[in-house]
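*Asks:* This is what each chain is made of:
2 protein chains.
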Amino acid sequence: MHKRIVFIVLDGLGDEYIPQLKGTPLEYVSKELININKLVSRGLCGLLAPVSVGIPPSSDTAHLSMFGYDLAVEYPGRGVFEAYGEGLELKEGEVAFRFNLETVEKKGNHLIIRDRRAGRIEDPIAEKLIEDFKRVLKEHDLPVEIHHTVEHRGTLILKPRDGKLSPKISDMDPHEVGQPVLQSEPYEETPENELENAKRTADLINRIVRLSYEFLNDHELNKQRIAEGKPPGNIIVPRGAGMKTKLRSFSEKWGVKAAFVAGGPLYKGVARLIGMHEIPVPGATGKVKTNLKGKVEGVLKALDEGYDFVFLHIKGTDTLSHDKKSLEKAQFIKKIDEHLEPLTELKDIVIGLTGDHSTSSLQGKHIGLPVPILFYTDIGGRPSGAKAFSEHNCAKYNNIGVIRGPDVMPLLMDLAGRMNEFGLRPSPKRVLYIGAFGRPLSL
Amino acid sequence: MHKRIVFIVLDGLGDEYIPQLKGTPLEYVSKELININKLVSRGLCGLLAPVSVGIPPSSDTAHLSMFGYDLAVEYPGRGVFEAYGEGLELKEGEVAFRFNLETVEKKGNHLIIRDRRAGRIEDPIAEKLIEDFKRVLKEHDLPVEIHHTVEHRGTLILKPRDGKLSPKISDMDPHEVGQPVLQSEPYEETPENELENAKRTADLINRIVRLSYEFLNDHELNKQRIAEGKPPGNIIVPRGAGMKTKLRSFSEKWGVKAAFVAGGPLYKGVARLIGMHEIPVPGATGKVKTNLKGKVEGVLKALDEGYDFVFLHIKGTDTLSHDKKSLEKAQFIKKIDEHLEPLTELKDIVIGLTGDHSTSSLQGKHIGLPVPILFYTDIGGRPSGAKAFSEHNCAKYNNIGVIRGPDVMPLLMDLAGRMNEFGLRPSPKRVLYIGAFGRPLSL
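Taken in order, these protein sequences are the chains called A and B.
Be aware that the first sequence starts at 350, since it is given in this note's numbering, and climbs by one per residue.
Be aware that the second sequence starts at 350, since it is given in this note's numbering, and climbs by one per residue.
It should be emphasised that the hints constitute simulated quantities derived from the structure, not laboratory data.
Check the hints yourself; a few may be wrong.
Since the list gives no way to pick out one identical chain from another, each pair is judged satisfied if it fits inside one copy or across any two copies.
[To be verified] Within a straight-line C-alpha distance of at most 27 Å, the following computed DSSO-like cross-link-like pairs (lysine-lysine) qualify:
| # | residue 1 | residue 2 |
| --- | --- | --- |
| 1 | K714 | K696 |
| 2 | K606 | K714 |
| 3 | K371 | K696 |
| 4 | K387 | K456 |
| 5 | K696 | K674 |
| 6 | K606 | K684 |
| 7 | K508 | K487 |
| 8 | K684 | K638 |
| 9 | K371 | K745 |
| 10 | K673 | K696 |
| 11 | K380 | K674 |
| 12 | K736 | K650 |
| 13 | K387 | K508 |
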């Protein structure tokens, strides 16, 4: 009996105690949930620490970990996912960055960050700034490709030309207003034979960032913004250097035909890079105002088309947490819940529902507390006794423990009747059973 | 104060929700248990994932893990345990397999499996088929030893002659009716220096399997079976290639004098290979109709004889699960419970009781959900508050967490007052403390 699997990630779902709500946003709304509570009532439940307890993961590392990839050797760096999320492809040896158009102010030798998003600069302005900067890069004959994506965001790709490149370099973005833009440098522990490549890469990206300030700070559109009292987009600040690694495809790794439904570019990037098939959904934006109905229909469509693993990602929960909107987060969870009904009526199905990490709507950032998780199956399984889904109940009724990212797929696969016995091996292929502790075991 | 330890494994004890029973078989019967509930009432309890959560272990890997051996480096392969279970001994360089006499049908180039047990072929028929096939192997001058054991089962040992052998080859048994018998191949990740040996081994076993079909399919006894409407035993299908590894003996590893009581050959094989002393019990068959009274008496005898660790294995719970007999499984647990009374009256004793894995009596196969476990001690310890032993209660009253196989021995040893403080080392011998993470620690 092979069941199909739907894996739902509500980004940044977990949270901490919010005084006004007398609990977390999920706890605040948990009794009002209908469909998610239907799932947890017939499901196992517990807590998930995607990387480890106390470690706040980035979304890309959390997803990769839950999909069963070994972060220690297989994580290619954030920039790679961003590039794939934008539909770009990386060639061997290229280094990709995510960047922001930011607002800086010159103080002595330093460029001090005043706004990390240049006032969430409008698309056409940002687009034009980047287009014009492309010309400058060309004039300087620099081996680089640069793309504006949405608002203040973009992707930058360095190409090997004057020697090999390396992604083992530090971010230029200090991630904090009031701090200076940093010089990128090779990681301290970079091995000797890669150090020169890392230095070459850091020098190149440092030069590009300096150029971007010199050019953008004098740009007509930025002068205009200042006149309008808006922060100028007068520098590009890259982070998350990454290089494509050889990742075994998700389908090959787990023996399933996998599809995904997502709005946010990062999640598309992760899913594309591991070879999941994309189910495009009009209006799936990765924002709070997204097409939830369409996304759930996308999942049903994928199942109808014969995909036996479907990953559904919803971003809004995380965005509202970053903006410290606890009550709105609770309301958004309720809204998601209303759209999940069709999934609760499926037969021969396993549904996993969790977050990729907790995001504190008190602090507006990722935190390392575990996330509630449920594993529903329409028949069999082992109901935990929980009647409502929340951080509190997933601790109280916990019947699987505090699991880690790499435990998620084995649990889903096992409930779907798709795991081989550990110790048997009918195929010569390497069978990865990744245990709770991130150690790949192969027999 | 050094207490004695009895470790009871009810094979495949854990299960999943069975609609007719409104719970698992153990949950269905848990309130009626007398002696096991006496143990859990004075014991710690929790959940055990013998390998990792979501991973369905084979019985041999689960036992080895619970006994504190590192599967990643010390697992010799199933065939080795089967051989030792039958009282055979392996020499260095030999590769052992377990095999089934099965029923196949030729379709084009494929041999499609129709019955994985040739209708649980009768002992004398199977015996004769194998005896006659031995002659064929001799005529072909193949370096192989072959033994019939029980019903459709047997053991096959390849001997090095034309070069070294390697157990790093895949199973020929697809473990599924309707699938073709597979060609054995070297594991994808076999290191270069072992690849040639693995190829040699795969070629040899593939040749033997082909020969077995050619010879057995035309055998008079099989023609007779077909005439009687019975499936013929017309091929041998090996699996679980293994080579003896250097395993430190259990007694040396844990500093106890260890004995075992078991009926099933596989469990005898595991216990013999790690050097436990066998307490033979007449009528201990490893079947549902086994001598439970005699087995418990065997445990008492071992304790009387000065063994301070006794492993008691009961197989029937797993067999009934594979046969999807949920209610019978519940009844068998009740029957076992009735025989455990003498153990509850022992002084200076620690008793662990669990399963080596969950076996779903809904699906008839091993699953990766954790198994309930209890740790009883007649004095001290830390009672969990549970009054009845079940999956549900071991989650609800859990006071040790979801532990892994390698946590079992330290917990038993510690409750028995037999653990050294981590950090102290009164003996020059290597002391293995195997932690929750499957990583052997030595100080």
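*Asks:* Within a copy, between copies, both or neither: which one fits K673 and K696 at a CA-CA cutoff of 27 Å?
*Replies:* between (38 Å within a copy, 21 Å between copies)
*Asks:* Should K387 paired with K508 be assigned to within, between, both, or neither, using CA atoms and 27 Å as the limit?
*Replies:* For K387 and K508, neither the intra-copy (51 Å) nor the inter-copy (58 Å) Cα distance is at most 27 Å.
*Asks:* With identical chains, the pair K714 and K696 could be close in the same copy or across copies; at 27 Å between alpha carbons, which is it: within, between, both, or neither?
*Replies:* Classified as between; 21 Å across copies, 38 Å inside a copy.
*Asks:* If the cutoff is 27 Å on CA atoms, where do K606 and K684 land: within, between, both or neither? Let me know, please.
*Replies:* Classified as neither: same-chain Cα gap 29 Å, cross-chain 45 Å, threshold 27 Å.
*Asks:* Reference check for the pair K371 and K745, CA-CA at most 27 Å: within, between, both, or neither?
*Replies:* both (18 Å within a copy, 22 Å between copies)
*Asks:* Measure nothing new, just compare the shortest in-copy and cross-copy C-alpha distances for K736 and K650 to 27 Å and report within, between, both or neither.
*Replies:* Answer is neither: 29 Å inside a copy and 48 Å across each miss the 27 Å cutoff.
*Asks:* Should K606 paired with K714 be assigned to within, between, both, or neither, using CA atoms and 27 Å as the limit?
*Replies:* between (34 Å within a copy, 23 Å between copies)
*Asks:* First find the shortest C-alpha distance between K684 and K638 inside one copy, then the shortest across copies, and answer within, between, both or neither for a cut-off of 27 Å.
*Replies:* So K684 and K638 pass the 27 Å test inside one copy only (11 Å; across, 56 Å).
*Asks:* Quick one: K508 to K487, C-alpha cut-off 27 Å, is that within a copy, between copies, both, or neither?
*Replies:* Within one copy only: 13 Å inside a chain, 65 Å across chains, cut-off 27 Å.
*Asks:* Tell me, please, which holds for K371 and K696 at an alpha-carbon limit of 27 Å: within, between, both or neither?
*Replies:* This pair counts as between: shortest inter-copy Cα distance 19 Å, intra-copy 37 Å.
*Asks:* Within, between, both or neither: how does the pair K387, K456 come out at a Cα-Cα threshold of 27 Å?
*Replies:* neither (57 Å within a copy, 48 Å between copies)
*Asks:* From the Cα coordinates, with 27 Å as the cut-off, is the pair K696 and K674 best called within, between, both, or neither?
*Replies:* between (36 Å within a copy, 24 Å between copies)
When each numbered hint is compared with the structure, violations occur for hints 4, 6, 12 and 13.
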